[in-house]
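Student: Chains as they are written, first to last, in numbering that gives the first Met the number 0: chain A, 0 to 363; chain B, 0 to 365.
Since the hints were made in silico from the structure, they are not lab data.
Bear in mind the structure is a predicted one, so any value in this text is a computation, not a measurement.
Backbone N, C-alpha and C define an ideal beta-carbon position, used for all residues, glycine too.
Heads up, some of the hints might be wrong.
Unchecked claim - Derived DEER-like restraints, expressed as beta-carbon distance ranges:
#1 A/352 with B/6: 31 to 37 angstroms
#2 A/357 with B/106: 50 to 56 angstroms
#3 B/113 with A/182: 38 to 44 angstroms
Stated by the list, open to error - Derived pair list, reagent style DSSO-like, types lysine-lysine, alpha-carbon separation capped at 30 angstroms:
#4 A/131 with A/194
#5 B/269 with A/194
#6 A/131 with B/269
#7 B/280 with B/269
#8 B/1 with A/131
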Amino acid sequence: MLFDSSIRKELARSFGATLIVLVTVVMTIMLVRTLGLASRGGVAPADVLLVMGFTVLGHLPTILSLSLFVAIVSTLARMYRDSEMVIWFGAGRGLLQVLAPLLRFAWPVMLAVGALALVVWPWANQQIDELKTRYEQRSDVDRIAPGEFQETAGGTRVFFIDKDTPGANAASKIFIASTTPERETVTSAQSARLKVQDGQRIAILNNGERVEMMLDKPGLRVSEFVEYGTQVGNAQGATPGAPSAKTTASWQLATSGAPALLAELGWRLGLVFAVLNLVVLGLALAVVQPRAGRSAGVMAALFAFMAYYNLMNVGQRWVEAERLSLPALMLALHGSVLALGLAILLVRHNHWSWRSLLAARRTA
Amino acid sequence: MKTLRRYLFREVALSVGFVTLAFIALFFFFDMVDELRVAGSVGPGYTLSSALVYVLLRQPQHVYELLPITVLIGTIFVMARLAQNSEFTIMRTSGLGPWRALGAAALLGLVFALGTFAIGDYVAPASERAADIVRARQFGPLSTGLTGAWLKEQQGEQSYAVNVRALEPGGDMRGVRIFAFDADGHLAMSARADAARFTEDGWELTQVARNTFLHTGTDEARVLRESDAQWLWPTRITSSMVAASLLNPQKMATLDLFLYVRHLQANGQKAQRYEIELWHKVFYPLSCLVMVVLSLPFAYLHFRSGGMAAYVFGGVMAGISFFLLNNVFGFAGNLQNWSPWLSAAAPGLIYSVLSLGAFGWLVLRQ
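With the rest of the complex left out, here is chain A:
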């Protein structure tokens, strides 16, 4: 059918182009952000691409929905502008008949969004969390960078090594400050080297001194040394944070019953419903008068998208705070958006207006 295939072909082309552009832009921005995170020590430099990939993968449902929405709105806007819609209307096709090819195009996207939101999103978040904790638990020696202050051992020790350091296993002008609740120790030395003894890594400090200050009682111990060995251990494995709702698998969310987890489930399901609603909204809002200003309908579509998606976030928070139950939210948000879209569509399809309705009542 010409009607079907002409719309779907153009939709597919527009959807593909928008998707690639959006994914590249989001990837670029995320890459820049992750690189910034890496240079501040949040993730390992080697893991930058992985973290970026997982982040983009996690956000892919939103990107897919937005691409679909942009494709629908831009295709319809072009068809209105080139008077193609008028021709279709003239050929006996109403606005509601356009919905069928749009939905036929949208269902694979909806499936993909469903899979990504319900399965891939928690998995990607889990991977990112794992990469981050693994990097946080790296040993003291791996952390030390010449010319920069470095915190180790859970923040109780701070190292500084001079910028002009002779080699990987030696250092000059060392400053170590370590604090425990009882005492504060400051160690300074002219030089140091790293040595492995009985499988333990030992840092040998030369020509320095060590000052211990008691914090709870008056007392001070100063010791000077020519050579002083201190064990540089591996950082004790910090306990990974409690698994959050973001990383929990969808079926576990459904069976748990805790409001925070249910809210997360509702959010993921909402992403899937949003695809359907966006199709309806896009068709309802993308109206362009061929000779008048271009962008009113497109602007309305953009604002509808913004409002809808942010309301999904707000709704999640409400369910979490138990101000609203999950089914009520689903009905109130997604149901009302669908109803609103369909209502606008029906009005446009039947060319209802206040005047025509009043006239109809008068004749009746």
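Dock chain B against the given chain A, drawing on the hints supplied.
Tutor: The following block gives chain B in isolation, referenced to the frame of chain A:
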């Protein structure tokens, strides 16, 4: 010419504004998703409205990051549409020569570049600071790591290591520790104070406990312990430097960054990262100019035979590749110790030459 220029500028500004708004909408949503997770784990104190305000205040930074890409996409759209509707042909017959077109594009690009610079230097740091204050109300004062900021200062023979645990939203410091070392690297003085304030001559510390170590003889060492309600420590470390070591260098204004780089270099610390950030900050707005020049050749294409979408798509991809290269060069320069300003300026130069080449070829061919 004035009419043409005004029309062109208005169209481009509208289209760029629209594209920017669309991208900001997307990133606002992503930020909100992240922020609500934090809000959920913090508890009921961090409300939805403060999360909203926080995310909203962070958007100028996104505008700064996105502007070159949105300038490119918006301008290419306008140029391609002008070419497709034959509007550009009419403009050319009415006297818009290649040099004038280039001049108009350059002017437009400069305006965008200035705007980007202003956002990156004034609007974004100010709004980021405001966002930090919003967060500080929930999460306590601004701090980094577990011990806060560490700075070094060289004063004649003596060198100091300074630790500031946190910075209050009002600008006062909390939990200050100062260690002074003499020329041989021996600890000469240590001080710990509950709070400190920045003044003209140095830091004014309150509730200070000080230990002064006097190395008089070979074996003998004396320690002087004092505690004062107030003590002035003469230093040249300013509030913006403390803020800089607590904050991300990307969020600093150009002048602060320059002063901080000077401070780091003067005190034997690694400044490479901040130096690259400084040059990046200087050259980054110019990429808007490159983007506008890059999109100008699209007005000279002929779309009668179709294939407009492919050209536009290619142009957008070229622009994004520029943006990517621009950022990767900065970080690669950091790792490979390239000359900072060269690694910041090279991508812009390469792409400007390429797009001017394309423009010249399209104009000459006709």
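Student: All hints are to be evaluated individually against the structure, with a verdict given for each.
Tutor: Going down the list of hints, with the structure as the test:
For residue 352 of chain A and residue 6 of chain B, the Cβ-Cβ distance of about 35 angstroms falls inside the hinted range of 31 to 37 angstroms, so the restraint holds. Roughly 54 angstroms separates the CB atoms of residue 357 of chain A and residue 106 of chain B, a value that falls within the hinted 50 to 56 angstroms. Taking the beta carbon of each, residue 113 of chain B and residue 182 of chain A are about 56 angstroms apart, not inside 38 to 44 angstroms as hinted. Restraint check for residue 131 of chain A and residue 194 of chain A: the C-alpha separation of about 29 angstroms stays at or below 30 angstroms, so the hint holds.
Pair hint residue 269 of chain B plus residue 194 of chain A holds up; C-alpha atoms about 26 angstroms apart against a cutoff of 30 angstroms. Distance hint between residue 131 of chain A and residue 269 of chain B is fulfilled; the C-alpha atoms sit about 25 angstroms from each other, no more than 30 angstroms. A hinted pair counts as satisfied when its Cα atoms are at most 30 angstroms apart, and residue 280 of chain B with residue 269 of chain B qualifies at roughly 19 angstroms. Of the pairs offered as hints, the one joining residue 1 of chain B and residue 131 of chain A is violated, with about 56 angstroms between alpha carbons and a cut-off of 30 angstroms exceeded.
Of the numbered hints given earlier, the model fails hints 3 and 8; all others are met.
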